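Listed here are the chains, written in short residue letters.
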Amino acid sequence: METKKVGDKFVVPIGPQHPALKEPGHFEFTVDGENVTGATIRLGFVHRGIEKMAEKRNYTQNLYLMERVCGICSHVHGLAFALGAEKLAGVTVPPRAQAIRTIIAELERIHSHMLWLGVAAHEGGFDTLFMYSWRDRETVMDLLETLSGNRVHYSANVLGGVKFDISDKQRDEILKGLDFLEERNHYYLKVVTTDNTFLGRTRNIGTMSHEQADILGAVGPTARGSGVQRDVRVNAPYIAYPDFPIKMVTEEGGDLLARTKVRIIELFESFRIIREILDHMPPGDLTVRMGRRIPEGETISRVEAPRGELIYHIISNGTEFPERVKVRTPSLCNWSSISSVAVDHKLADMPMLLVGIDPCFSCNDRMITVKRENSSDEMSWDDIRKIGIEYYK
Amino acid sequence: MSTILPILALLIFPGGLFLMASGLVYEYVDRKLVARYQNRIGPRWFQPLADVVKLLAKEEIIPHGVQPELFTLLPVVGLAGALTAALYVPLFGFESAYAFKGDLIVTLYLLSMMTLCLGLAGSNTLDRFSLIGATRTLTQLFSYEAPFLLALLGPALAAQSWQINEINSFSQAHMPMLVTQVIGFIVSMVGLMGKLELPPFDAPEAETEIVSGALTEYSGRGLALFRIGKNVEMVIALSLVSSFYLGGLAFPFPGMSPVLAGILNVLIFLAKTMGLLLFMAGLQSLFARLRIDQTVGLWWRIGALLALLNLLLVIVLKSLGVGGYWL
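First to last, the protein sequences are chains A and B. Reminder that position 34 of the first sequence reads as 44 in the numbering used here, one-by-one numbering, no gaps. Reminder that position 57 of the second sequence reads as 1159 in the numbering used here, one-by-one numbering, no gaps.
Since the hints were derived computationally from the structure, they do not count as laboratory data. Computed from a predicted structure; not experimentally measured. Hints are supplied without guarantee of correctness; some may be wrong.
[Unchecked claim] No more than 25 angstroms apart at the CA atoms, straight line, and that leaves these computed lysine to any residue pairs for SDA-like: (1) A/K19 x B/S1225; (2) A/K403 x B/R1138; (3) B/K1203 x B/S1263; (4) A/K97 x A/V56; (5) A/K62 x A/S390; (6) A/K200 x B/S1225; (7) B/K1160 x B/K1203; (8) A/K66 x A/E400; (9) A/K32 x B/S1314; (10) A/K403 x B/V1131.
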């Protein structure tokens, strides 16, 4: 192995395989001692070609495919796809189904944010908080399993409604679980805002100003941590959010502490809204009939995933198969915030900074067209293979 | 016979093999305690042994670009340093095997050999994680070493001796220095954690940043030896702190049968060191990892000052003639 140097600088590679990363990505940090002087990001190690796959499957099959875009926020992906398809088909989903969709989406947010808290604590070397938050996260995982039978891919959506109802017994279980989780999260909020060692790793680290967050197009808790009012649930309410409005949680700090606080305080909103919906569950059907063929047209559906705004662009050609499905996941918008604030931080802050946006690698990896001089834009399989072999030689 | 006994004492019991085995036990207790504090189940009792056996059975890979002799020698030297330090420390209820004036300083330097070897091992390779890990290891060495030394000098000054067994008998006869020199005790415990690179002072081997720090390129035998060396160091350092601050080890128990006295001493040793380990495991699970700049800042701004204050108090009180049971 040779020590790779760029100029006189020392480059520390993180990834594609590295203990800090749960998914493959490649980051090169130029360091001067412990100080980071430059950062580059390279993605694309887990491109799965899901958008292409979607063109070969009908809408019902695609619903299951889209749930597998992300292993953490599986529900919102299915939801965004179903919302788009239903909008094209001109179908209105019954209110009870919309309420159940909202409950699952919020439960998913709880599980995702608690998972994030654990990962962030682990990156900061605070394993006790990691273990505790993941232990308590099991409560919400169990709730989701009680409702759907699955811990990760709940598969709650069908085109035109939801698959299962929430019985009174399940309702009581959810309420009980929420009480426990609320109490625990008050405790975690206290820990992250008062523990001096953890504050030392989050306060004034990765500070992104309001303007920066706005210009870089940050979304979700990353943007809200910098005081940007950006939450699809409030800006453009969908499913049951118009009837059960949510209060946007923002913090002004812009640093990792602010993002942590946004994520935890957001959970209290989630607890509140789930309780409210469960108290005023609209009666009625769970599904409405929807044809296999979707009329010609195109649409955009936006939902607020745990990581931020998720956009689905569906183009239909009037058949059972979509012409094009374009997914824009929230992580993609937040990457630039890392490379722009990484400089002048310590190397030890880098894992925390990476995790600060709650990145999801596999859902934002996408096809890149390689354009070289003296070559056409179109490349054959053999050409791509050759480039690949040459690149890694 | 007279030549065999010292050799046995050196290689089998209480030094050598027995010390290494007990190091594994202490590692197990530490891991289990931290796991329980973190609400995990933790490892089974033989896990540290299984880890070492597995590592010893594996191929040792010597990467390109290192000096092979140094690469293989460093773990041995580190372990040898730790084992040699054991000679001057009262271990497992026995009095220290050897003693001379000033052996406290020698012991401390022998214990630092391990850290030096780690630093050298890291800088010997071309791996970037190892290099950064080595830099951090050595930076940490310079930050905790002085306060740790000062914290152990407090008892030495109180006992008016630089010899470990004399300080030990002094603390047997007096009020435990845990009470009289609280600051020194805390500084020495935290210094010990820095020395052993335990959380929150594990920046030199922070896995989420630099994989495994200086040891990233080590595998098989070398890694196993480094791990054993660290465990041995933990046992020795815990004994040192308990003999200084917790009222001494290896009591003579005049008028008692040697066997009974021996058993009592072993129990006292276990109670005191394990008590310290319980305290240390608690500290390990309480905090988030400190960045290396935070570690250095903590030690020089707070640790060193506190240790100096402790020393100053001891000196002033001693010169004022305060003594008797208390000092």
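Going through the hints against the structure:
Pair hint A/K19 plus B/S1225 holds up; C-alpha atoms about 17 angstroms apart against a cutoff of 25 angstroms. Distance check on the hinted pair: A/K403 and B/R1138 sit about 47 angstroms apart at the alpha-carbon level, beyond 25 angstroms; violated. For the hint pairing B/K1203 with B/S1263, the CA-to-CA distance comes to about 8 angstroms; that is within 25 angstroms, so the pair holds. Our distance criterion of 25 angstroms between C-alpha atoms is broken by A/K97 and A/V56, whose separation comes to about 31 angstroms.
Of the supplied pair hints, the one linking A/K62 and A/S390 holds, its CA atoms being roughly 17 angstroms apart against a limit of 25 angstroms. A distance of roughly 41 angstroms separates the Cα atoms of A/K200 and B/S1225; the hinted pair therefore is violated under the 25 angstroms criterion. Under the criterion of a C-alpha separation no larger than 25 angstroms, the hint pairing B/K1160 with B/K1203 is inconsistent with the structure, at around 43 angstroms. Our distance criterion of 25 angstroms between C-alpha atoms is broken by A/K66 and A/E400, whose separation comes to about 32 angstroms.
Straight-line distance between C-alpha atoms of A/K32 and B/S1314 comes to about 17 angstroms, which keeps the hinted pair within the 25 angstroms bound. Taking the CA atoms of A/K403 and B/V1131, the gap is near 47 angstroms; set against the 25 angstroms cutoff, the hint is violated.
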